[in-house]
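A.B. asks: From first to last, the protein sequence lines are chains A and B. Heads up: the first sequence runs through residues 1 to 318, numbered per the UniProt record's numbering. Heads up: the second sequence runs through residues 1 to 193, numbered per the UniProt record's numbering.
It is worth saying that the hints were derived from the structure and are not from the lab. A portion of the hints provided could be inaccurate.
As the list claims (entries may be wrong) - Partial list, derived from the structure: chain A residues whose beta carbon lies under 7 Å from chain B:
id : residue
1  : D20
2  : S29
3  : D30
4  : V33
Where a beta carbon is used, it is the ideal one built from N, C-alpha and C, also for glycine.
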Amino acid sequence: MKHLLATRDLRRDDAIMLLDTAEDMADVSDREVKKLPVLRGITVVNLFYEDSTRTRISFEAAEKRLSADVINFAAKGSSVSKGESLKDTAQTLRAIGADAVVIRHPSSGAPQLLAERDWIDTPILNAGDGMHEHPTQALLDAFTLRHRLHGRDGARGTGLDGAHVVIVGDILHSRVARSNVWLLSTLGARVTLVGPPTLLPADTSMWPARTTYDLDEALADDPTAVMLLRIQAERMRDAFFPNTREYATFWGLSEARFHALGSEVAIMHPGPMNRGLEISSAAADSSQSTVLEQVANGVAVRMSALYHLLSGSQEGAA
Amino acid sequence: MSQRTVLLPADIERALVRIAHQIIEHNRGIDGVVLLGIPTRGVALAKRLARNLASIEQQAGNELDPASITGQLDVTMFRDDLRRRAPRAPQPTRIPPMGVDDKTVVLIDDVLYSGRTVRAALDAVSAVGRPRAVQLAVLVDRGHRELPIRADFVGKNLPSARSERIGVELAEIDGADAVVITDATDTQTREAE
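With these hints in hand, go ahead and build the complete structure from the sequences.
C.D. replies: Structure representation (structure tokens):
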């Protein structure tokens, strides 16, 4: 694996290998010394063109636990705001001697561009690009779900066969939803997408998922997990629904809907949560909620991705 | 490709019984001894050694659960050639419930060659605790060390050429026990053709 750009082209074997390696990485986080020498001497650049605290901290923790040297590059206040292009930035990173680039970009396809052009020849890890994909988020969701299904000890080597995941909310703008649709179905899970007609893409016929506007109908179909997406006010330039109260009524996981679900159903959210809008506090704070587990697992999954992208990168050199 | 078998199942069994006796003798008993196998074949060997230790102890009137002193130690993350090798999924590390702090850890591997795996294993052990002492047991020592490392317990010294490949086959993984030497020069010629 040279780059990790999307889950759409990830093979089942590779996905399971990434998740299995993350199991070992998670063990490291339980130890007194949370550090492995795996990436010693390697420089990883976190190139963030878009604000993100959660993902950047998670990547930084992962890189540091693997002993990499970390350079954080935030576009805001940098030469990018002076008009520097992605190409120039990439060439600067090459000159600095970056060994891998973790990139978040508001434009879909920016990581792919970086991977395909010869501006820089390092593994590229997509940390979220526009409305396209967010592969490590989907991997950490799958990792969390796998633990819920098979337990921590029995998860190794397994997929998500037989699981039913309901993803609710702003599917249209969500790269998390896109990455999850592909990865979950590759791992054998059934996916239902739920949202207001204005927040579902016009054509999902090529997606391995069913779509519906009716949340209660989807919740009645025996879900293994319900994944709530954040209503992303910053990406909405038009009115996609009349008001937040109406959204909460029809598509929010209210206390009543939450209590109607079985106690085994996992409640997932990529964070940050809008409490009272897409998720009620009762659901968010319940023992079924995996929100903090997802954050913790994010570090392990990113360690695994970095390890697989950077090992064997000089194959044949010796 | 020339191939010859240097150890038969009975030879391997004898070597493991001898190593078990040596471990007991060297440590004056097995109190505080933990066996950590290095995946893949070191783990199978560790389990056999633990069974041998248990049966020797039983003859002396002591009960020992072999599983309670056996674990596995993955060294993948501690290797120094990560970027030069094809990626490989690490195996889990399993430490017995008593841990390794102030214990005598015996690392077990099938073949001792450059010593780099053992160096990585020493780092891996120190990441999980601080043993009182670390010893090394291997089924085959084939020489060609690149680091100042030697084994405390050796099943068979097998001086070999660098071009040769030593294959350890164990019933648990390969279906039958054997140690086989293959001359890799032939293989390379064949692959080049």
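A.B. asks: Does the interface hint hold: is A/V33 within less than 7 Å of chain B, judged Cβ to Cβ?
C.D. replies: holds, 6 Å
A.B. asks: Min Cβ distance, A/S29 to chain B: is it shorter than 7 Å?
C.D. replies: violated, 12 Å
A.B. asks: Checking hints one by one. Is A/D30 an interface residue toward chain B, by the C-beta closer than 7 Å rule?
C.D. replies: Given a least distance of 11 Å, the restraint on A/D30 is violated.
A.B. asks: Less than 7 Å between beta-carbons is the criterion; does A/D20 satisfy it with respect to chain B?
C.D. replies: Cβ of A/D20 sits 5 Å from chain B, so the hint holds.
Checked against the numbered hints given earlier, this structure breaks hints 2 and 3; the rest are met.
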